[in-house]
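Protein chains: 2
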Amino acid sequence: MNSNSNINAYIETHKDRFLNELFDILRIPSVSADPKYKNDVIKTADAIKEKLIAAGADKVEVCPTAGYPIVYGEKIIDPKLPTVLVYGHYDVQPADPLELWTSGPFEPVIKKTDLHPQGAIFARGACDDKGQMYMHVKAFELMMQTGTLACNVKFMIEGEEEVGSTNLAIFVKQNKERLRADVILISDTGIIANDTPSICVGLRGLSYVEVEVTGPNRDLHSGLYGGAVANPINILCEMIAKMKDDKNHITIPGFYDDVEVLSAEERAEMAKAPFSLDAYKKALDLSDIHGEEGFTTNERNSIRPTLDVNGIWGGYTGEGAKTVIASKAYAKISMRLVPHQNSDKITELFKNYFESIAPKSVKVKVTPHHGGEPVVTPSTSPAYKAASMAMETTYGKKPVPVRSGGSIPIVAMFKSELGLDSVLMGFGLDSDAIHSPNEHYGVFNYFKGIETIPYFYKYFADLKK
Amino acid sequence: MNSNSNINAYIETHKDRFLNELFDILRIPSVSADPKYKNDVIKTADAIKEKLIAAGADKVEVCPTAGYPIVYGEKIIDPKLPTVLVYGHYDVQPADPLELWTSGPFEPVIKKTDLHPQGAIFARGACDDKGQMYMHVKAFELMMQTGTLACNVKFMIEGEEEVGSTNLAIFVKQNKERLRADVILISDTGIIANDTPSICVGLRGLSYVEVEVTGPNRDLHSGLYGGAVANPINILCEMIAKMKDDKNHITIPGFYDDVEVLSAEERAEMAKAPFSLDAYKKALDLSDIHGEEGFTTNERNSIRPTLDVNGIWGGYTGEGAKTVIASKAYAKISMRLVPHQNSDKITELFKNYFESIAPKSVKVKVTPHHGGEPVVTPSTSPAYKAASMAMETTYGKKPVPVRSGGSIPIVAMFKSELGLDSVLMGFGLDSDAIHSPNEHYGVFNYFKGIETIPYFYKYFADLKK
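Chains as they are written, first to last, in our numbering: chain A, 97 to 561; chain H, 97 to 561.
The set of hints was computed from the structure by calculation and includes no laboratory data.
Fair warning: there could be bad hints in the mix.
Treat identical chains as interchangeable: a pair holds within one or across any two.
What the hints assert, rightly or not - As a list, the in silico BS3-like pairs of lysine-lysine whose alpha-carbon atoms are at most 27 Å apart:
no. : residue 1 : residue 2
1   : 176       : 461
2   : 447       : 340
3   : 269       : 155
4   : 132       : 111
5   : 377       : 459
Chain A with its partners taken away, still in its complex shape:
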């Protein structure tokens, strides 16, 4: 089977090509949220198809959906062997604000950083998720070329993860037979540090809404009307402020009803993960942290739900001063959810509350965007063990099971539709600036992923024997 030396030898030989191929994919601006990139998103799907074929996959297909297509491919070497279903996504977040990028978001370059002394690939999608997804394509090539593929493999790479994976659930429902597998393997999360591997065993869910507050039916002169009509921006601010109390608890009635309460033991276990609050504050240039009273920073961003305004706009935002009372104000608001909370229910609670606190002097509209359910994955399964052993082999250290604050809503859907657990073996760092300007992904992390994945197949096949 695989040995450290032949894996590393193959990687070493093809290192430059592995990077160049990823760069080619990173150059295509596959922003799924913005219709103007439609052709590029589709072009990316086609590129992934070609790469899967080249790596040795069979039945490769760009499967159309009502939205962006899903790229499918497989290699069944022996029906008696276990099957690994690899999920990833080829779409990326919008790149703005563009002016904060130090190099073009779709012009990948390698630059050194404090945490990536060997260099990191700077580009939108470098880490989330093109870089991490492509590790699986290259690890597959490696196993095919070295004759070491230990399991059957199926790939399902979608193009709508960043906009809610709306069409993936339909595809999954319609392709249950084709997607039959023993486990789902996903690299779309991170590790604690390059010398501290970890595996994600919990993800938060998501409710995402857009709100619109309308005051007068047209923009007004703030001198002639100021003080006498509801200013929708002031009102929106007041409504958002009312969503949290002075302890930063969310005030939506019923919001916490279903929240999973961790035991003191579980919280004590979590608190053992290496973490420096000083380093955290320093990295983000924060004078002080901020969050729900009674919880630590790591609890606030993993086991506790949140409410964050992701965008707000209204009135005059250009240069200089304009004395206007806007007719409308808008905000995009998301809530991260924890186990046992339900996305649809929380969206409904939000909507009811938001409408209930609106003064009669304005009209409000709440439009739900995508949502997703929170999830906890088992850390006792053969698949988890295989991932743990694989990381221990390549990092020389047993990975820590951790809960992440992010959301991969489809993990809960895979469980309910396919009955499959997912293993969230990601290789990014929290500091990789995914969803931000200057997103990057360590060259070390990219190759460490390609190195680790074949061990997962090997150990998983062994454990399933």
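Starting from the structure of chain A, add chain H where the hints point.
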């Protein structure tokens, strides 16, 4: 002297030209707040210069300042006669949001409206202030051509009114001799209705600031960080919400200290002005009005100070959903001030309060934009009487003295620098949508202004004899 018939005959003969000349000026997008219109603003100054020369003014000059120039011109017919200093501005507000205009903001057209059955000129600046300013140029032409000019006249037309008239004060200080006059005449306000003339005797002042709230030093993924760091948008909303209490009183300590308190008699007098709350709500499509407890709508927008957010922005504002915690959030906030409040003092109080309520988890920056002092003009002076008699002549009804909620900061400056009162004889309607999409100015109002102004000169000369 003037007679109704020869004024009206001259207007009738030159009606089309009077409109066409105004249209030419409205076609130049002289947006002083936006540097990209710089050449157009300067072009407008040159156009005004040409029009003043053509109308018969002497010593016409485009006077440079550190910003946009001031157009000066004069006609001294007899040093013993009183001198009227006409002030106006040739710059306009930004036109956005462009998509709400039913015709191009710089493509003037005449369209009928409910309140303007004879048609109104739709264009940015049609009412504020190109249309109203140009009435004075055409009334001057009329008086010159009909040999009826009864006073000396000086014109001072500036290009920075919409951005705070920063350089006008310097110009005034440096040109006290040149600007010597008996009264300042300004048409940059409105009347109650086309059958209810009024003269503005009070204006609110203005403090205008821009605020910036910084949380983390870069945009963050709201899943990985949400709940654990200060979200600058949420914080900004909370800070804005804290600026008013549940009675819509402004909470800035000391804000109301200097506010002029009107007597019950004065308020009762104000309440006599014709006003329909139902019509007001209907015109703005409001289910309910909104404002400071204890005051009527007309009091709220004239004798009471305000705090309005004129613009807010931060985070992702594009299509779809982006799960980001922004690094920064911004707002433009203005306060309208009433007599005895001081703009610099209020700006300082705002700044101190805003900084004091910022949690330690964010950094805040307050940048003052322009300000201006509130003003009350006498309604017993010869100049006021001349304006009142002029309007009574042309409308057949004595105008009501009213206080306006808007600000013309330079009125207070004229008083302190030149020792001159201003007469605010404007002809617009509140519904003319100045500072909004579809700004317009009644054709009736334009010609009524040109008709009324010569009577002002006549009566003012008579009263000063």
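Hints versus structure:
no.: 1; hint: 176 <-> 461; in the structure: neither (54 Å within a copy, 65 Å between copies)
no.: 2; hint: 447 <-> 340; in the structure: both (15 Å within a copy, 25 Å between copies)
no.: 3; hint: 269 <-> 155; in the structure: within (19 Å within a copy, 83 Å between copies)
no.: 4; hint: 132 <-> 111; in the structure: neither (34 Å within a copy, 49 Å between copies)
no.: 5; hint: 377 <-> 459; in the structure: between (40 Å within a copy, 14 Å between copies)
The structure shown violates the earlier hints numbered 1 and 4.
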